[in-house]
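Asker: Chain by chain, the residues run as shown.
Protein chains: 2
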Amino acid sequence: MRYGIAIFPEKKIQDTANSYRKRYDPHYALIPPHLTLKEPFEANEDDLKQIVGELRKVAAETKPFPLQIHKVSSFSPVTNTIYLKVEPVDELLKLNERLHTGNLPQEKTYTFVPHITIAQKLSHDEYSDVFGSLKMQSFDLEQTVDRFQLMYQLENGAWTVFETFTFGEEKN
Amino acid sequence: MRYGIAIFPEKKIQDTANSYRKRYDPHYALIPPHLTLKEPFEANEDDLKQIVGELRKVAAETKPFPLQIHKVSSFSPVTNTIYLKVEPVDELLKLNERLHTGNLPQEKTYTFVPHITIAQKLSHDEYSDVFGSLKMQSFDLEQTVDRFQLMYQLENGAWTVFETFTFGEEKN
Numbered sequence: 164m165r166y167g168i169a170i171f172p173e174k175k176i177q178d179t180a181n182s183y184r185k186r187y188d189p190h191y192a193l194i195p196p197h198l199t200l201k202e203p204f205e206a207n208e209d210d211l212k213q214i215v216g217e218l219r220k221v222a223a224e225t226k227p228f229p230l231q232i233h234k235v236s237s238f239s240p241v242t243n244t245i246y247l248k249v250e251p252v253d254e255l256l257k258l259n260e261r262l263h264t265g266n267l268p269q270e271k272t273y274t275f276v277p278h279i280t281i282a283q284k285l286s287h288d289e290y291s292d293v294f295g296s297l298k299m300q301s302f303d304l305e306q307t308v309d310r311f312q313l314m315y316q317l318e319n320g321a322w323t324v325f326e327t328f329t330f331g332e333e334k335n
Numbered sequence: 164m165r166y167g168i169a170i171f172p173e174k175k176i177q178d179t180a181n182s183y184r185k186r187y188d189p190h191y192a193l194i195p196p197h198l199t200l201k202e203p204f205e206a207n208e209d210d211l212k213q214i215v216g217e218l219r220k221v222a223a224e225t226k227p228f229p230l231q232i233h234k235v236s237s238f239s240p241v242t243n244t245i246y247l248k249v250e251p252v253d254e255l256l257k258l259n260e261r262l263h264t265g266n267l268p269q270e271k272t273y274t275f276v277p278h279i280t281i282a283q284k285l286s287h288d289e290y291s292d293v294f295g296s297l298k299m300q301s302f303d304l305e306q307t308v309d310r311f312q313l314m315y316q317l318e319n320g321a322w323t324v325f326e327t328f329t330f331g332e333e334k335n
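Keeping their order, the protein sequence lines are chains A and G.
Going by this note's numbering, the residue at position 41 of the first sequence is 204; the numbering climbs one at a time, nothing skipped.
Going by this note's numbering, the residue at position 78 of the second sequence is 241; the numbering climbs one at a time, nothing skipped.
It is possible that some hints are incorrect.
Taking lysine to aspartate or glutamate pairs in the DMTMM-like style, the calculated list, with each CA pair at most 20 Å apart, reads [to be verified]:
hint, chain 1, residue 1, chain 2, residue 2
1, A, K174, G, E318
2, A, K212, G, E332
3, G, K212, A, D210
4, A, K175, G, E208
5, A, K212, G, E318
6, G, K175, A, E208
7, G, K226, G, E173
8, A, K212, G, E173
9, G, K175, A, E318
10, A, K174, G, E173
11, G, K257, G, D309
12, A, K174, G, D209
13, A, K248, A, E173
14, G, K174, A, E318
15, A, K175, G, D209
16, G, K212, A, E332
17, A, K175, G, E205
18, A, K185, G, E318
19, G, K175, A, D210
20, G, K220, A, E332
21, G, K174, A, D209
22, G, K174, A, E205
23, G, K185, A, E318
24, A, K175, G, D210
25, G, K174, A, D210
26, A, K175, G, E318
27, G, K174, A, E208
28, A, K174, G, D210
29, G, K175, A, E205
30, A, K248, A, D178
31, A, K220, G, E332
32, G, K175, A, D209
33, A, K174, G, E205
34, G, K212, A, E173
Chain G stretches covered by chain A per the calculated footprint, using a threshold of three residues with CB under 8 Å from any CB of chain A [unchecked claim]:
hint, region
35, 177-187
36, 311-321
Calculated from the structure, these hints are not laboratory results.
Where is the CB? At the ideal position from N, CA and C, for every residue including glycine.
I would like the entire structure built from these sequences, with the hints used as guidance.
Answerer: As structure tokens, then:
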């Protein structure tokens, strides 16, 4: 099965992201607004047990940290994905690093740029329009992150949460 | 905020449900296939802490149980919702009862009929067609359930998982 690890921001931030995603993100219906902590990876049931154990350890060692959004940015010219830029605080960068060490799959295709996608797969003209207007806007969104989620992907491409990992708590 | 509690069945059962939901369920994009354990309820942040504590207790006291699906059924004539009928094993009925006691909101609009919705809000003719063909079919789906999830609802009607509660584990 295909698994992924993400942070789902609180309702207010998700609602803000969805107000754009509804029109500009074809993945709108497949997953709620999220910050990807680890790119999708394949695992079988035996791997999964070990991975869940490791994720519990990671969560226990992680302290809650701030998630701050002040502006929109884009991966252009690599792709025309537009996203809410999440400030790369130390704890978030360390958590991303930690999720690629130990028994966890270590492949990393990209440098980690913390973001919440709000538009993707736009035509060139649409991209210019949307990004042109959004890049002028400032945002003042902030919350404390205290958990991440392990999800698996269904045949239709949608993601279901398998387990929540709460920071600073040791599960037996 | 509006919260709900559900079981997400394993991938195979979700994929089966989605093969129908895609065509027949307008809620297809709002939530993965699920078995509702507790109807949506309102709670503020203070309530939530207490509720999460109580849900951890409930999960710790619950033992994994089988989820079995053999056929499709319908809520007709009350509504024309069609669903995968989930066998009402004792542990599942007790879990539903327990989620309406103690500090948890106790309102119950309906008698608990364990089900995974695959079609709803169909026209009368479409309902007759779809149910007519599905009610002849037998299913042989079974898994062990060892967790439930607390979700909150976004402005667009979609649900995000807030926390997973694994049976038989005491979280500190």
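Asker: For every hint, state whether the structure bears it out.
Answerer: Hint-by-hint comparison with the structure:
For the proposed pair A:K174 and G:E318, the alpha carbon gap of about 8 Å is at most 20 Å, so the pair holds. Restraint check: the Cα-Cα separation between A:K212 and G:E332 comes to about 15 Å, which is no more than 20 Å; the hinted pair holds. Distance hint between G:K212 and A:D210 is unfulfilled; the C-alpha atoms sit about 33 Å from each other, more than 20 Å. Proposed proximity of A:K175 and G:E208 is supported: the alpha carbons are some 14 Å apart, at most 20 Å.
Between A:K212 and G:E318 the alpha-carbon distance is near 35 Å, which puts this suggested pair outside the 20 Å criterion. Distance restraint check for G:K175 and A:E208: the Cα-Cα separation of roughly 14 Å lies within the 20 Å cut-off, and the hinted pair is therefore satisfied. A C-alpha spacing of about 17 Å is found between G:K226 and G:E173, which places the hinted pair at or below 20 Å, so the restraint holds. Proximity of A:K212 to G:E173 is assessed by CA-CA distance (about 15 Å); at most 20 Å being required, the pair is judged to hold.
For the given pair, G:K175 sits about 9 Å from A:E318 by alpha-carbon distance, which is consistent with the 20 Å threshold. Under the criterion of a C-alpha separation no larger than 20 Å, the hint pairing A:K174 with G:E173 is inconsistent with the structure, at around 26 Å. Restraint check: the Cα-Cα separation between G:K257 and G:D309 comes to about 14 Å, which is no more than 20 Å; the hinted pair holds. For the hint linking A:K174 to G:D209, the alpha-carbon distance of about 16 Å falls within 20 Å, and the restraint holds.
For the proposed pair A:K248 and A:E173, the alpha carbon gap of about 16 Å is at most 20 Å, so the pair holds. For the hint pairing G:K174 with A:E318, the CA-to-CA distance comes to about 8 Å; that is within 20 Å, so the pair holds. Between A:K175 and G:D209, the direct Cα distance comes to roughly 17 Å. Compliance with the 20 Å bound is thereby established for this hinted pair. Taken as a hint, the G:K212 and A:E332 pair is honoured in the structure, with Cα atoms around 15 Å apart against an allowance of 20 Å.
The straight-line distance between the Cα atoms of A:K175 and G:E205 is roughly 16 Å, inside the 20 Å bound, and the hint therefore holds. For the hint pairing A:K185 with G:E318, the CA-to-CA distance comes to about 12 Å; that is within 20 Å, so the pair holds. Pair hint G:K175 plus A:D210 holds up; C-alpha atoms about 19 Å apart against a cutoff of 20 Å. Note on G:K220 and A:E332: the hinted pairing holds, with a Cα-Cα distance of about 15 Å set against a maximum of 20 Å.
Annotation: proposed proximity of G:K174 to A:D209 holds, straight-line Cα distance about 16 Å (limit 20 Å). For the given pair, G:K174 sits about 14 Å from A:E205 by alpha-carbon distance, which is consistent with the 20 Å threshold. A distance of roughly 12 Å separates the Cα atoms of G:K185 and A:E318; the hinted pair therefore holds under the 20 Å criterion. Using a Cα cut-off of 20 Å, the hinted pair A:K175 and G:D210 holds, with the two alpha carbons roughly 19 Å apart.
Of the pairs offered as hints, the one joining G:K174 and A:D210 holds, with about 17 Å between alpha carbons and a cut-off of 20 Å not exceeded. Between the alpha carbons of A:K175 and G:E318 the distance comes to roughly 9 Å, so the proposed pair stays at or under 20 Å and holds. About 12 Å separates the Cα atoms of G:K174 and A:E208, which keeps this hinted pair within 20 Å; it holds. Distance hint between A:K174 and G:D210 is fulfilled; the C-alpha atoms sit about 17 Å from each other, no more than 20 Å.
Distance check on the hinted pair: G:K175 and A:E205 sit about 16 Å apart at the alpha-carbon level, within 20 Å; holds. Taken as a hint, the A:K248 and A:D178 pair is honoured in the structure, with Cα atoms around 16 Å apart against an allowance of 20 Å. Under the criterion of a C-alpha separation no larger than 20 Å, the hint pairing A:K220 with G:E332 is consistent with the structure, at around 15 Å. In summary, the hint linking G:K175 to A:D209 is supported, as the alpha carbons are separated by about 17 Å, within the 20 Å threshold.
Between the alpha carbons of A:K174 and G:E205 the distance comes to roughly 14 Å, so the proposed pair stays at or under 20 Å and holds. The suggested pairing of G:K212 with A:E173 holds, with an alpha-carbon distance near 15 Å, which does not exceed 20 Å. Given a C-beta distance limit of less than 8 Å, the hint that chain A covers the region 177-187 of chain G holds, as 4 residues qualify and 3 suffice. Given as covered by chain A, the region 311-321 of chain G passes the check, having 6 residues with a CB less than 8 Å from a CB of that chain where 3 are the minimum.
Hints 3, 5, 10 from the earlier list are contradicted by this structure; the remaining hints agree with it.
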